[in-house]
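K.L.:
Chain residues, written in single-letter form:
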Amino acid sequence: MGSAFDTFRKLGPAAFVLRAIIFVIAADVLLLAFILLRRTYRKWYFANRDARMLAIRQQWDALISGTIPYAAWRTKTSERELIETMVLDAYEVANLEESARLLKFMRTSGLVEKRILEARHHKGWRRHKALVALARTRAPEGIRALAEGLRDRDPQTRLAALRGLGRMACPEAAKEILNWVDDAGLLVPALPLQSALIQTCAECPQVLLPHLHHANTTVREVLGRVLGEVATPSLGTELLRFADDDLPELRAAAARGLSYLKPGAAVTVLSELAKDTVWFVRLRAIVSLGELCHRTALPFLLRGLTDSNRLVRLRSAEGLVDFKNELLPIFEKVVALQDQYGLHAFLAALENAGLQASLVAEIKGTPGSSQTHETLLQVLETGRLSSEPSSPQESVLAKAAAQS
Amino acid sequence: MIHFLDWANHTLFYYYLASNFAYLTMLIIALRTSAGHLRRLESVRFDWIKESPMVPPVTLLVPAHNEEQFICTAVRNLLDLDYPDLEVIVINDGSTDKTLQIMQKEFSLRLVRAVYVPQVSSAPIRGLYRSDTNDRLLVVDKEPAGSKADAINAGLNAATSPYACVVDADSVLERDAILRIMVPILADPDRVVAAGGIIRVLNGSEIEGGRIRRVRLARKSIEVIQVVEYLRAFLIGRESWARGNMLMIVSGAFGMFRTDLVRAVGGFRASAIGEDFDLVARLHRNLLEKGADYRIEFVPDPVCWTEVPSDLRSLGRQRARWHKGLLDVLWSNRDMLFRPRYGRIGSIALPYLWLFELLAPVIEITGFATVLLAVAFGALSWTFFLQFVLFGYGFATVISIGSVLQEELTYKRYNDWQDVARLVSYCFLEHFPYRQMHMIWRLQGLWQYLRGDMAWRPMKRLAQPSVDPDKTDSSPVPAS
Numbered sequence: 003m004g005s006a007f008d009t010f011r012k013l014g015p016a017a018f019v020l021r022a023i024i025f026v027i028a029a030d031v032l033l034l035a036f037i038l039l040r041r042t043y044r045k046w047y048f049a050n051r052d053a054r055m056l057a058i059r060q061q062w063d064a065l066i067s068g069t070i071p072y073a074a075w076r077t078k079t080s081e082r083e084l085i086e087t088m089v090l091d092a093y094e095v096a097n098l099e100e101s102a103r104l105l106k107f108m109r110t111s112g113l114v115e116k117r118i119l120e121a122r123h124h125k126g127w128r129r130h131k132a133l134v135a136l137a138r139t140r141a142p143e144g145i146r147a148l149a150e151g152l153r154d155r156d157p158q159t160r161l162a163a164l165r166g167l168g169r170m171a172c173p174e175a176a177k178e179i180l181n182w183v184d185d186a187g188l189l190v191p192a193l194p195l196q197s198a199l200i201q202t203c204a205e206c207p208q209v210l211l212p213h214l215h216h217a218n219t220t221v222r223e224v225l226g227r228v229l230g231e232v233a234t235p236s237l238g239t240e241l242l243r244f245a246d247d248d249l250p251e252l253r254a255a256a257a258r259g260l261s262y263l264k265p266g267a268a269v270t271v272l273s274e275l276a277k278d279t280v281w282f283v284r285l286r287a288i289v290s291l292g293e294l295c296h297r298t299a300l301p302f303l304l305r306g307l308t309d310s311n312r313l314v315r316l317r318s319a320e321g322l323v324d325f326k327n328e329l330l331p332i333f334e335k336v337v338a339l340q341d342q343y344g345l346h347a348f349l350a351a352l353e354n355a356g357l358q359a360s361l362v363a364e365i366k367g368t369p370g371s372s373q374t375h376e377t378l379l380q381v382l383e384t385g386r387l388s389s390e391p392s393s394p395q396e397s398v399l400a401k402a403a404a405q406s
Numbered sequence: 044m045i046h047f048l049d050w051a052n053h054t055l056f057y058y059y060l061a062s063n064f065a066y067l068t069m070l071i072i073a074l075r076t077s078a079g080h081l082r083r084l085e086s087v088r089f090d091w092i093k094e095s096p097m098v099p100p101v102t103l104l105v106p107a108h109n110e111e112q113f114i115c116t117a118v119r120n121l122l123d124l125d126y127p128d129l130e131v132i133v134i135n136d137g138s139t140d141k142t143l144q145i146m147q148k149e150f151s152l153r154l155v156r157a158v159y160v161p162q163v164s165s166a167p168i169r170g171l172y173r174s175d176t177n178d179r180l181l182v183v184d185k186e187p188a189g190s191k192a193d194a195i196n197a198g199l200n201a202a203t204s205p206y207a208c209v210v211d212a213d214s215v216l217e218r219d220a221i222l223r224i225m226v227p228i229l230a231d232p233d234r235v236v237a238a239g240g241i242i243r244v245l246n247g248s249e250i251e252g253g254r255i256r257r258v259r260l261a262r263k264s265i266e267v268i269q270v271v272e273y274l275r276a277f278l279i280g281r282e283s284w285a286r287g288n289m290l291m292i293v294s295g296a297f298g299m300f301r302t303d304l305v306r307a308v309g310g311f312r313a314s315a316i317g318e319d320f321d322l323v324a325r326l327h328r329n330l331l332e333k334g335a336d337y338r339i340e341f342v343p344d345p346v347c348w349t350e351v352p353s354d355l356r357s358l359g360r361q362r363a364r365w366h367k368g369l370l371d372v373l374w375s376n377r378d379m380l381f382r383p384r385y386g387r388i389g390s391i392a393l394p395y396l397w398l399f400e401l402l403a404p405v406i407e408i409t410g411f412a413t414v415l416l417a418v419a420f421g422a423l424s425w426t427f428f429l430q431f432v433l434f435g436y437g438f439a440t441v442i443s444i445g446s447v448l449q450e451e452l453t454y455k456r457y458n459d460w461q462d463v464a465r466l467v468s469y470c471f472l473e474h475f476p477y478r479q480m481h482m483i484w485r486l487q488g489l490w491q492y493l494r495g496d497m498a499w500r501p502m503k504r505l506a507q508p509s510v511d512p513d514k515t516d517s518s519p520v521p522a523s
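Protein chains in written order, with the numbering used here: chain A, 3 to 406; chain B, 44 to 523.
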């Protein structure tokens, strides 16, 4: 058999072009005909669909209550899909009472069963569709089928199943996800996994704990981040255990979760974590100290202002600015630190919170040495600790201070 | 001589055949990719993404130079986009009109000491302003530097989000555009480092309060031809290149990037003519040199509407500039060609751009010359020549109609029968004399670059939110 090149050589360019012309004319005609036919079909399809939707809407209550026998529409694919779409759309915006009624309808009419069956037996995009529809019902009996979707070979199907389980927002769904992660490892990107786990573990963060103890490092990092998001006071002692974990992610999670505890115990641990060697652990600790908004946290927040990491300095400043009633003494301490970066972070946070004017008023209204007041006001105005000549960037800051 | 002409004409024939085969392959890949994308979208519920607790923050970078007429509407619309964690940074690039003052009044801006770390180079900053009415809005007022890239760099320095999206102040984003462009990033944040959306032609559509009220096809022939070109470039070209992870352009008018990576490569190059193309090329280079496993995606459903030139003079300038930009980037990355460490970029994407985009006008004009010489020497087979022209014409219409079909099958923005009929008719009409004019503009661009003429030639602006050709999507690299 001759190669394609041989055939092409035998044809010669002229003969080839002639055939190619016929081909392109045929292609043009076919493409145009396809566009025309498709447009016509779609016009008919949507007109028909619109009419059917109106008819269904007019019999809505009879349909949902089951007065219209399910058998009248269940076997007609297009009719069933239309009703399912309408019910799911209504379900997503319904109040509690209406949701219960619609879920009962989906169960008794077999729509949920149908989707479970499809999610289990179909492949590819049909399985996708079934998983999404099943998740939209939020029916707990769909959790198993969604969990099976996690074990699909197609990454998109796994993602659809994961998002669906997240949508369920219940510990049962969390357990399925966690068991799967234990078995298979990280087969999906971390971000959607975290999202799904945060949604499902919010109610009962304890489900994470056994998995945190024996999972591998990569999974522990992800679970640690989730723990940090969903931690509640009920996890108190467990969080303290993670504060000296080897994995910085878990220390950061503990730091984050500790903001939910009572200040007494939390500040001590957080002050240690605020000295961690890993910047994001320090950052989490400082944010939590700020959230606690307790006087005992002040020295650690002030120390955070001199941190080598810019984000830590900024968050420390934001935390300090939250002590609105003690702004003047805090500002005096900030100036006493003699740290230009820390001062800038504090002034930025002060301006962002719109508190500069009240601090100025407080300085002016407080009895004491006028020289100290002058110095503080000057620092506040110029943003500089010393009397060195100002750089262009600093003159911008000074202008900002003057204007505000 | 006759032997040479015969050889030259044969070479031209095979070049044209190869080019058409490439377009046909891209059309088939694009149709398949779009079908897959649409099916994937069925499993993506945008309300789920919006409610997700882990959606990463996004900073919109909006360079603005003398935009007093539209800036407030544009900023309001951007602040109103459907995304849970959005920061808008407007960079006032030394406007000589009242752009800054109007924004100050409208959004109650006040000068602040926000953190500004000049990680990438840009002209000096005059001040940073935060809005009292919407704390998600930050305005960076900077000295003019005469380039959009410099303005974006200033915005990048002020950005606090892990993702930054560059948007033109005079473009119109659809409300869910950011959510949609983030879909591939959210699905695989470790690998997807950038994503580009589709740019569509605004001319002719009805706009109300800075939003599209009704999509209509443009009125002027020159605008409709550009609609066909944009459909071809985005729905066929970018869709198929992205499929093979060889996308070389993420539009400057609407593109999402990982902030840390853009900073790591030094931000946008202020001296680049096509700064978006240049940035993507440098991202590829940087990541490939590190051996990173990454993707740069094209997402065809988040739409950014932008106005295109409506007169030949402006269009000619735009296309000449695009071609200059193409040469600029290809020349500065010539060392990537055929080097194994640069993978498909070095062995497929860049050679393709050199051969079928950059050199296309040169080869076309050479073709015209050899055909004329063949006529003069009586060496031309008229039958073959006519057949060849007819084939070329027919094939080009197949590709153009293919892009309209792709639009019909997938995103279907033009719903009016009349619009579709006009769109299809221009698939047949664009080849004479527009294509030849396009060739001349591109040759002009090459000539200007070789002479070192990098002058900025603004286009005629219209009454509605309009576009400077040099500020919009710098180089869509048409698919045919």
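A couple of the hints might just be wrong.
[As the list claims (entries may be wrong)] Here are a few chain B residues that sit away from chain A, every Cβ distance over 10 Å (derived from the structure):
#1 L48
#2 R82
#3 F113
#4 E217
#5 S264
#6 N329
#7 D344
#8 G386
#9 R387
#10 I391
#11 L402
#12 T440
[As the list claims (entries may be wrong)] Pairs of lysine-lysine, DSSO-like flavour, derived with a Cα cap of 27 Å:
#13 A/K131 / B/K93
#14 A/K335 / A/K264
#15 A/K131 / B/K455
#16 A/K131 / A/K106
#17 A/K131 / A/K177
#18 A/K106 / A/K78
#19 A/K131 / A/K78
#20 A/K45 / B/K455
#21 A/K177 / A/K125
#22 A/K277 / A/K264
#23 B/K93 / A/K177
#24 A/K106 / A/K45
Honestly, the hints are just simulated from the structure, not real lab data. Cβ coordinates follow ideal geometry from the N, Cα and C atoms, glycine included.
K.L.:
Are the hints correct? Go through all of them and say.
P.N.:
Evaluated hints:
| no. | hint | result |
| --- | --- | --- |
| 1 | L48 | holds (15 Å) |
| 2 | R82 | violated (4 Å) |
| 3 | F113 | holds (27 Å) |
| 4 | E217 | holds (21 Å) |
| 5 | S264 | holds (20 Å) |
| 6 | N329 | holds (22 Å) |
| 7 | D344 | holds (16 Å) |
| 8 | G386 | holds (22 Å) |
| 9 | R387 | holds (21 Å) |
| 10 | I391 | holds (21 Å) |
| 11 | L402 | holds (22 Å) |
| 12 | T440 | violated (6 Å) |
| 13 | A/K131 / B/K93 | holds (20 Å) |
| 14 | A/K335 / A/K264 | holds (26 Å) |
| 15 | A/K131 / B/K455 | holds (22 Å) |
| 16 | A/K131 / A/K106 | holds (21 Å) |
| 17 | A/K131 / A/K177 | holds (23 Å) |
| 18 | A/K106 / A/K78 | holds (21 Å) |
| 19 | A/K131 / A/K78 | holds (18 Å) |
| 20 | A/K45 / B/K455 | holds (13 Å) |
| 21 | A/K177 / A/K125 | holds (24 Å) |
| 22 | A/K277 / A/K264 | holds (20 Å) |
| 23 | B/K93 / A/K177 | holds (24 Å) |
| 24 | A/K106 / A/K45 | violated (35 Å) |
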